[in-house]
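Asks: Sequence:
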Amino acid sequence: MDFQEKLVHDLVAKHGTDRENLLPILQGVIDQERYLSEEAILKIAKEMSIPAADVYGTATFYSFLDTDPRGKYVIRVCKTITCAMKGKNQIIQAIENFLKIKVGETTIDKKFTILQTNCLGWCHKAPAMLVNDDVYTELTPESVVDILREYREEN
Numbered sequence: 004m005d006f007q008e009k010l011v012h013d014l015v016a017k018h019g020t021d022r023e024n025l026l027p028i029l030q031g032v033i034d035q036e037r038y039l040s041e042e043a044i045l046k047i048a049k050e051m052s053i054p055a056a057d058v059y060g061t062a063t064f065y066s067f068l069d070t071d072p073r074g075k076y077v078i079r080v081c082k083t084i085t086c087a088m089k090g091k092n093q094i095i096q097a098i099e100n101f102l103k104i105k106v107g108e109t110t111i112d113k114k115f116t117i118l119q120t121n122c123l124g125w126c127h128k129a130p131a132m133l134v135n136d137d138v139y140t141e142l143t144p145e146s147v148v149d150i151l152r153e154y155r156e157e158n
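Numbering (this note's numbering), first residue to last: 4 to 158.
Ranges of calculated distance between the beta carbons of each label pair, as one might list FRET restraints:
1) Lys128 / Phe67: 13 to 23 Å
2) Asn135 / Lys105: 15 to 25 Å
3) Lys103 / Asn135: 13 to 23 Å
4) Glu145 / Asp57: 39 to 49 Å
5) Asp5 / Gly124: 31 to 41 Å
6) Pro72 / Lys49: 18 to 28 Å
7) His12 / Glu99: 34 to 44 Å
8) Ala87 / Asp5: 37 to 47 Å
9) Ala87 / Pro54: 33 to 43 Å
The set of hints was computed from the structure by calculation and includes no laboratory data. Quick reminder that beta carbons are idealized off the backbone N, C-alpha and C, glycines included.
Sequences and hints are given; from them, build the entire structure.
Replies: What follows is the structure in structure tokens.
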């Protein structure tokens with residue numbers, strides 16, 4: 004049994020095979036592997052005895068369940084109208100210029116991925132972004148570069 008098979012087996016043993024447990028199992032795989040590979044989706048389907056199409060459909064429905072490899076730090080910039088009115092485009096431009104990649108891309112060193120996402124729930128402090136699970140609000144082009152510089156300097 005390889006690492007991924009053991010991970011899926013342990014998650015299914017912990018959460019159970021009922022359909023309503025699919026989401027925490029998917030999240031558990033992402034916590035360990037940072038994305039849901041085709042192999043992981045097939046292993047989850049087999050372990051839970053549900054169609055792989057159902058697992059894939061659930062995985063691709065939610066924007067926070069990545070089915071493509073991502074960087075160590077996934078930057079998710081809110082793309083709602085509120086954040087747009089408060090300078091989201093300038094924030095994205097600053098991130099792209101600093102990291103030398105575009106939205107949807109990952110840096111060559113696999114450290115950063117930039118994505119846009121729907122509402123993060125911080126409209127009152129827009130513009131907002133997440134770096135993995137950390138929320139940053141009231142961003143400016145300068146502050147976002149300072150934030151990312153700190154992540155870049157970590158290990």
